[in-house]
Every structure is written in structure tokens, then in C-alpha cells.
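> Mind docking chain Z on chain B? Use the hints.
Number of protein chains: 2
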Amino acid sequence: MVIAAVSTSATQSMTGADRLCDALLAHDVDVCFANPGTSEMHFVAALDRQPRMRCILGLFEGVVTGAADGYARMSDRPAATLLHLGPGLANGLANMHNARRAHSPMINIVGDHAVEHLPLDSPLTSDIDSLARPMSRWVRRIADPTRIDHDVAEAWAQSMAPGISTLILPADMAWNEHVYREDLARGERLPQAPLEQATVARVGAAIRGGRKVVLLLTGAALREGALRIADGIRRATGVEIYAQGSNGRIERGRGRAPIAKLPMTHEGGGPLLRGVDMLVLIGAKEPVSFFAYPNRQGRLAPPSCEIVRLAGPDQDLPHALAWLADEVGVKIDASPMATSAPENPSNGALTVDAVNRLVAARLPEQAIICDEALTSSGFFDYSYDAPPHDYLQITGGAIGIGIPMAAGAAVACPDRKVINLQADGSGMYTVQGLWTHARENLDVVTIVFSNRSYATLWGEMSKVGAQTPGRNAQRMLQLDQPELDWTKLAGGLGVESSRVSTVSEFSRALDAALGRRGPYLIEAIV
Amino acid sequence: MVIAAVSTSATQSMTGADRLCDALLAHDVDVCFANPGTSEMHFVAALDRQPRMRCILGLFEGVVTGAADGYARMSDRPAATLLHLGPGLANGLANMHNARRAHSPMINIVGDHAVEHLPLDSPLTSDIDSLARPMSRWVRRIADPTRIDHDVAEAWAQSMAPGISTLILPADMAWNEHVYREDLARGERLPQAPLEQATVARVGAAIRGGRKVVLLLTGAALREGALRIADGIRRATGVEIYAQGSNGRIERGRGRAPIAKLPMTHEGGGPLLRGVDMLVLIGAKEPVSFFAYPNRQGRLAPPSCEIVRLAGPDQDLPHALAWLADEVGVKIDASPMATSAPENPSNGALTVDAVNRLVAARLPEQAIICDEALTSSGFFDYSYDAPPHDYLQITGGAIGIGIPMAAGAAVACPDRKVINLQADGSGMYTVQGLWTHARENLDVVTIVFSNRSYATLWGEMSKVGAQTPGRNAQRMLQLDQPELDWTKLAGGLGVESSRVSTVSEFSRALDAALGRRGPYLIEAIV
Chain B
1 MVIAAVSTSA TQSMTGADRL CDALLAHDVD VCFANPGTSE MHFVAALDRQ
51 PRMRCILGLF EGVVTGAADG YARMSDRPAA TLLHLGPGLA NGLANMHNAR
101 RAHSPMINIV GDHAVEHLPL DSPLTSDIDS LARPMSRWVR RIADPTRIDH
151 DVAEAWAQSM APGISTLILP ADMAWNEHVY REDLARGERL PQAPLEQATV
201 ARVGAAIRGG RKVVLLLTGA ALREGALRIA DGIRRATGVE IYAQGSNGRI
251 ERGRGRAPIA KLPMTHEGGG PLLRGVDMLV LIGAKEPVSF FAYPNRQGRL
301 APPSCEIVRL AGPDQDLPHA LAWLADEVGV KIDASPMATS APENPSNGAL
351 TVDAVNRLVA ARLPEQAIIC DEALTSSGFF DYSYDAPPHD YLQITGGAIG
401 IGIPMAAGAA VACPDRKVIN LQADGSGMYT VQGLWTHARE NLDVVTIVFS
451 NRSYATLWGE MSKVGAQTPG RNAQRMLQLD QPELDWTKLA GGLGVESSRV
501 STVSEFSRAL DAALGRRGPY LIEAIV
Chain Z
1001 MVIAAVSTSA TQSMTGADRL CDALLAHDVD VCFANPGTSE MHFVAALDRQ
1051 PRMRCILGLF EGVVTGAADG YARMSDRPAA TLLHLGPGLA NGLANMHNAR
1101 RAHSPMINIV GDHAVEHLPL DSPLTSDIDS LARPMSRWVR RIADPTRIDH
1151 DVAEAWAQSM APGISTLILP ADMAWNEHVY REDLARGERL PQAPLEQATV
1201 ARVGAAIRGG RKVVLLLTGA ALREGALRIA DGIRRATGVE IYAQGSNGRI
1251 ERGRGRAPIA KLPMTHEGGG PLLRGVDMLV LIGAKEPVSF FAYPNRQGRL
1301 APPSCEIVRL AGPDQDLPHA LAWLADEVGV KIDASPMATS APENPSNGAL
1351 TVDAVNRLVA ARLPEQAIIC DEALTSSGFF DYSYDAPPHD YLQITGGAIG
1401 IGIPMAAGAA VACPDRKVIN LQADGSGMYT VQGLWTHARE NLDVVTIVFS
1451 NRSYATLWGE MSKVGAQTPG RNAQRMLQLD QPELDWTKLA GGLGVESSRV
1501 STVSEFSRAL DAALGRRGPY LIEAIV
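Those protein sequence lines, which keep their order, are chains B and Z.
All residue numbers for the first sequence refer to this note's numbering, where the first residue is 1 and numbers rise by one.
All residue numbers for the second sequence refer to this note's numbering, where the first residue is 1001 and numbers rise by one.
One chain only, chain B, in its complex shape (with noise of 0.2 Å):
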């Protein structure tokens, strides 16, 4: 990383957590999801004294990191987060696990006693370090307060990589005064490693060679002008393209290309792979299995299946794409795409499907899906011929991401439609967020498929032989006894809201929350 040095207010005497906050702001981190706590209270006066950084807060972590996921997604640049020591950091690591799976640029700030105060062991002491590492790409504790702008120069410069940054800021460095002589330190960008030429040409001569091969996308290779290169060469050349099984962010929608994900499951991904020859990873990893099972291979593609990297996460992907187009001699065709439009559903009692597809067919332009299903996703099968929108899912199967990651790409897209997809047990794990979404009137649907149990695990029991659940498995797996009302819960968190549980409610309900601005909650008993 190169560290510039550019043009601010220098000369002056200020706090740590002044300067900290001078530096975010410099690199345009100018949003901060946060539940501080007393060691963050010096950077809460330090924000206070800041009124273009937009102060968010989460009543629990998971909402805070989430969040941010959300914002990065829609932004490509880092929020920052606030988190209160070692227990705040905890209660956001699920979600940042999410972001880590997503290649989302976040920066966390996480408080710690003063430097004296720590070997002390007072209550509140852990090793914010050991737990930080695992879902973070760069930790750095702050040691000299004069140095703070070149802490988060590089936090930054890794955040944008990208990844997660954690800065661990212990108490005294946010608090201590000091005079800054040297103007604010900026971030470059971290160089991307080149493409390898010979890998293009290797991956081009399988293609024109009549060789069976399969482009795996993710990241920024799904984006719209990306998405039309890679199906610019699926058409020319027969190749196939797929998304990854889970993804930071597709944009999707009439006139984009409509590529598939593949499933991460045996009975999904592995036929679609049968027989293929080369898979090229573009951004993607070497697809397997979510989970293992007894006797099967983890690994998806066939073993005669030779496997290229073509361009890593941290790569131009999207230059990779137009390189190998290049390769194979293909021009992007430049005109939409024609789709046709979805049908309607009829009337009767609401299923999954149901809603799934009047979603897809009511879609705002320009709306963002947050996709938290699981057991009843299905939205994405009926959406590439819908309106173009993004659409975000889980990434790492750390559930609890939806209400969380729509608030944060509300925030970063004020002007859009939210809609989130979610799933009830998920929901429950940071329902919370739903208050972030009424304090912030964040244009936000929640719908959610109310089906009362873990039903994605009621699968799995039947896999593993236990075919009629006892009791234990029930009192685990079950969410009926007693049944959660959304309804009075999204009340309780000042979100209006409506239960539905026929079409015909449902598709009323949705046309009156698409019809609004600000956060809705629809209830669908499915």
C-alpha cells in the first residue's frame, strides 16, 4: 500500500478519536453502524463533533455488522462499525462471517480498555485479538495515537482488497490529546495481481477447442456488464456459466443475462457438472458440497474435471471476462436482452411459490432483494425476466443476515425499493434490526414466509435415517409451540405490519407496502 499524504486540517490539537474520525471521513467512510459502550465513549463525542458521519444504531451487534454488510454490497466502499470490546465484537462476528463470504469491504472499529487498564482483567476483559482474527483479513491494534490516520490509511487500503478490517482502539488512544502536525494519511488501493496470460490462453484454447467448460462467476463478474460478457461467450461458444452458489450481489433482472447459481448440494450441482471437461473459476471457488455426508465426496466436479483459476477474488474480474472474450474471438453485443415477463399466480391459499412469483412480478425498477429463504427461496428462479434489480443473499449460512443486510443497503440506497426475503427462524436471530429499520424510516418490505420450524433442518433429520423425529428432535427443530406473531413483534419494534395467508391478502398487502415509503412487515403464513 502506498500512503499519501493529502491536504486537511493539520497543526491542531485534537483526541485520538478526533483524528480516527478525521481519517474515516478522508477516505469517505462516512457512515458508522454502532452500539458503543462506555470504552467507546470518546469516539462517540469525537462523532458528535462530526455531523457528516451518519450514526446508525443497532440494538444488538449482529445488526451492526450485518448492517454494514448490506451497505458495502450496494456501495463497494466499507461503513464503519462501532463495537463494544470483546462481547460487542462476538455479537457481530456471525454476520461479519457473512460479509467475509461476501468480499465486502467493512471497517470495524472495536473499543477496548486503556492500555494500563487491561492486564488488570477488570469484567469486561477478553482477548479482542484471538476473536477478531478469524473472520477478519486485517486486525491491527492501535499503539500510537499520532499514527491513528496511517491505521486506518491501511485499514482502508485492506478493507477495499476487499475484506474486513478490524481496528482495535483501546480506550486511552481514542482519549489522549495530541498536536498533528502532518496532514491526514490516505489509503491507495492495494495493486491487483495481473492476470496470467497463459492461463487465458490455456482456458481459450479448451473453448475453441471444442472442450466441455463451465465459467464459475462471482463478485464483480456479476454485474451487468460483466454478466453480458460472460453470455456473450456462452452464446458464441457454448460454454456454460453459472453464478457461485451464494454471492455478494447479482444485478438481475430484463435486459441483463440470466445466468443460474449452482446448488452447493449433490443432487444440484454435481449432474449440472457431469462431464465437464474445464471449470474456470472467475472470482468463484472450486464448488462443494454446503455440508458433508457420510460416504460422498465434498468436491462437486467430476476428478476428470481440471479446474482453472482464472482471476481470484481480489482480481479485475470483469477484465477477465473481456480478456477471454478477446481470447475466443467474441464481440459483447450491446442491446437488451429480450425476456419475457413473468405470470401472475392465481388466487387459493398462499404457498412459497406463490409468493415468490407475485414478488417477482410486482418488482419495483431498480428494487433490492435480500434473499434469506432458504427452505422457500425460489424468488430467484422467477426474477431474471422481472424488472432489473440487485439481488444480495446469504453467503456464509451464518442465518441471521436479512433484516440486518436490507437496513444497511437501504441506507446505501436511499432511493431504492428494499425487499427482504425471509425466512422465520433466520429472522429471529436479529429481529432486532427491524427497529433500526423504523428509527431510520428505511424503505424496507420484510416479508416473511412464517413456516415455524427450522424447516431446512427437518431435511437434513430425514437424511441422517431418523424418519419419525421424537420428541427431542421436535422440541429442536420445531418453532410452533408457542407460534411467533410477527405482527405484534414488528409492532413492538415500531414497524407496521399485516399476517396473509391466502393470494389474494398477500397480493393486496404487497401492492400497499410497494405502495409506501418507509418499513413494512408482511407476515405470510405459508
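I should point out that these hints are in silico values taken from the structure, not numbers from a laboratory.
No experiment lies behind these values; they were computed from the predicted model shown.
Some clues are possibly wrong.
[Stated by the list, open to error] With a Cα cut of at most 25 Å, we get these calculated SDA-like pairs of lysine to any residue:
#1 Z:Lys1417 - Z:Ala1260
#2 B:Lys285 - B:Gly232
#3 Z:Lys1417 - B:Gln481
#4 Z:Lys1463 - B:Met53
[Stated by the list, open to error] Part of the chain B face toward chain Z, derived, beta carbon under 7 Å:
#5 Arg101
#6 His117
#7 Met476
#8 Gln481
#9 Lys488
#10 Gly491
Just so you know, even glycine gets a beta-carbon here, dropped at the ideal spot from N, CA and C.
Using the frame of chain B, we list chain Z on its own:
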């Protein structure tokens, strides 16, 4: 640790998961707080074959670990928890942190991918070992399913030391079948380090020599019998006795020694220790301020004060007190201590003080109080002459323990009333736990002090000199836009409730809640 083979159902073919269940039950670990996922399905199936194991679902892992903490505090033995890979563990870490500070026994079973699947880095993969260590006393990754009972034996012994044991269970260790030819291994308790005679003599000499001595107690030293010894020493010799600032459990109320807690603040704890010559730690840690502040020492005892560790939390604390009583020639009076009944507050608007006084006055015999009231605390001051009860409080400063801890205490003691004094901001962290109250029909009354702010932090803001908080500070510290409606939240989770704002309304609601069995929530507007 000594491991002795004990007779059970040996020479059987069974899965590792079945063997793990058997091994837990052999140690009388017969409650499992759980939120399982796919990688734990074989363990779920094994639990399903063991009706003796009581499986209790939490809708979030912070509920699971907090409940295990509450259970351990009241039963003095570990519950098992069942957690889903790294993110599931991460979600449970904050309340593991509290449990660690309470010296609660706990055995976590954390599922992981099968051994061969792990290097494939499928989406839910993370570094579980690193995440577990900061909050665990002992961590083991199960590597040999034929030795799984030995792992459990050691996990149990370590948990009783006391502390948190974390067993990482790769899926294939659970699903593979083996013929177990040996009886189940059984853990024996780790030997306690003996007390040092010289230390007892040194403390005894200081007391007899008329030096100003303070005994600081926690853990088993706060049970009725040990407290009576400590109070006997106090009355006979003039030493002072305090409980440490936060404690896992205090046996409290009429007829028991009315010990005070030593506040972990400069303003509270500092003056109480002024002029003290010797501070004797009996399970306790040296008192320090909870947080650091500029230009203040973290240690609360004056530099001249000699600090003597008579016994650590893993030693026999009641014995330490009895020995010290002998050393100073004090005979302990076994007759109940005379105390007076607390006064009832009069009518009028509801205040924090009125709530706490009324709860103390109306307390059912042998009730269990869970105290996460934070700035609304005060109950403890009125409780010394309330009916005999147990007092559990937040120990590690990781908010969100109240609702789960109450659940665990109620599971451990089904015939006793549990009353959870709950700050609103903290309660929102693990509000999902109310659903477990309803599902298990736990006899818990939750009293929410609804002040619509992180009131602790307002006080802290003023300490850092920000007297007139601006928009950003208000947005991060206030919970009033929108107001949380706890009666709706409770209703959404299946718990009956009422909202009260006067003394007489609260009084009636409290009487009604105490007069019935099962969960109830009172939102006290204060």
C-alpha cells in the same frame, strides 16, 4: 484428572454421537440447551434416542449459553450446549463471557464439518478453535470417536474446576459407527489446590493484631453457610466483609448474613477501601474499576494496602473461611439472624426505587432473582431482609444475560419462582429468550425497566465532558424513536404481559404475576 471406567452398556455398535450422549448422561449432564444445524443432525438424532436428556431450544445462541449459565449457577453442575459451527459458537460467546466471569461450569458441543470436508472451506467453515479459546477454560477437537467418552470425562472434570469446556465435534466423528468394547470413562473432579497454612496464619495475625482488614468474597463463599462464617468473623473481630462487585450467586435474605457488594467504581469502591491495611481475597479478584478513566488508577485499593490471596475460585472457599475463623478463635452462631421486614412504598408515579422495594417486599420464599437492571438496580439494597432467595447478576458486563439466565435458573429449579429485573436496552440483546420461557412454560416473571435509553452511557458521556450531546450521540444512546413496546414483543413470543406506570398498577401486576405459574412480563415505565 483420574479417569475410572464405570459400568454401562459396553460392547455395542453405535455412532460416536450416541456414545457422546451416553458419556454426558454418565456424568449426569442431562439438560442440553440447543440451537442445532445440519452438521449436528447426527447428534440431534442421538439426543432423540435418549429421552433422559432434556433438550431445550433457544432461538439464538446467546439464549442457549446464557441459559446454561443460569442453570449452572443454580445447580452447581454443567448443562450441555449444542451450537452450530463457528457462527453459532460466536453468537453464544458473549454469554459464555459472563459465565466465565461467574465461574459457571458448562460443556459446549460445537459441531464442525467432517474432517475431510474442512479443508474444502465450504461457506460455513471458520476457525472454531480460535473463536472458542478466549471464553473457554478448556478446548478439545474430537479426533478419535472411540475415545469420545474420555474427552467428555475430561470436559466434565474441567467444567467442574469450574469453567467452560468446549468440545468441537466434526460431523464424521458423530456419524461413524464403532464397536465400543470398554465401559464409559468417567471423569473425577480435579484435585483442589490446598490452602496455605502460612497465608491463613498471616491473615489471622493481621486480624488479631488489630490491623484494618477487609475480606472480599465471591463464589461458594457467598452461600449461606460460608457467609455466616464470614459474618461471624466480622462481628467478633471487626474486619469488614464485602462480596466482590459482581458475583455468580449470593444466598440472600432474612436470616442470612447481609453482605454488601464492593462497587467497581472510584466513587463507590474507592472510599470503602480507604485506610485498609489488608485486603483478603477469598475467591475474589483484586478490586479494580470496571472501566478506565483518564488520569485515574484502575486499582481501587490504596497502594499501601497489602493484598493477600487466601483462596482462589478453584479452591475450597467455605473451608478457607472456616479455617480463618478457627485461626482467630471465632465460634460461629448457628441461630438465624434477626432482621426486619422491608417497608412497602406508597402510591404515586412508578420509580425505579419503588419497583425494587416492592419486589423485595413481595418476594416469594426461595425465589431466584436475576439482576440485569444496570442503572435501574437497587433491589439488592432492599433484599437483605426480604424472604430467603438467591441473587444472580450479570458478571462479565456482556449485556443480554438476564432473560436467558432466568430461563436456565427456572429449568434448574422448577419449583422456585424466578424474577428477572431487566434493563430495556440489555433485554433487547436476547429478547428471543422470552420464547423459550413460553415454550418450556418456565415460572419466570420478567420486569422490564423501560427508560428508553442506554442510561449507563448517558452518565458516561457526561464523564467525558460532552455535556450537551448532539445528534450523533443521541442517535446512538437513545432508544425512544420509536419506543419499544415490550408488551407487543412479549406477545409476539408467546408471553403474557402488562404495561404499568403507577405504583398501584405495578403492585397489582406483580401480585397477579406472582400468584400464577408460568412466564409473565411486566413493562414498568420508569
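> So, for every hint listed, does it hold in this structure?
Results of checking the hints against the structure:
1. Z:Lys1417 - Z:Ala1260: holds, 24 Å
2. B:Lys285 - B:Gly232: holds, 22 Å
3. Z:Lys1417 - B:Gln481: holds, 22 Å
4. Z:Lys1463 - B:Met53: Holds, at about 23 Å.
5. Arg101: At 5 Å from the nearest chain Z Cβ, Arg101 of chain B passes the 7 Å test, so the hint holds.
6. His117: holds, 4 Å
7. Met476: Holds - the Cβ of Met476 of chain B comes within 7 Å of chain Z, reaching about 5 Å at its closest.
8. Gln481: Because about 6 Å separates Gln481 of chain B from the closest Cβ in chain Z, which is inside the 7 Å limit, the hint holds.
9. Lys488: Because about 3 Å separates Lys488 of chain B from the closest Cβ in chain Z, which is inside the 7 Å limit, the hint holds.
10. Gly491: holds, 4 Å
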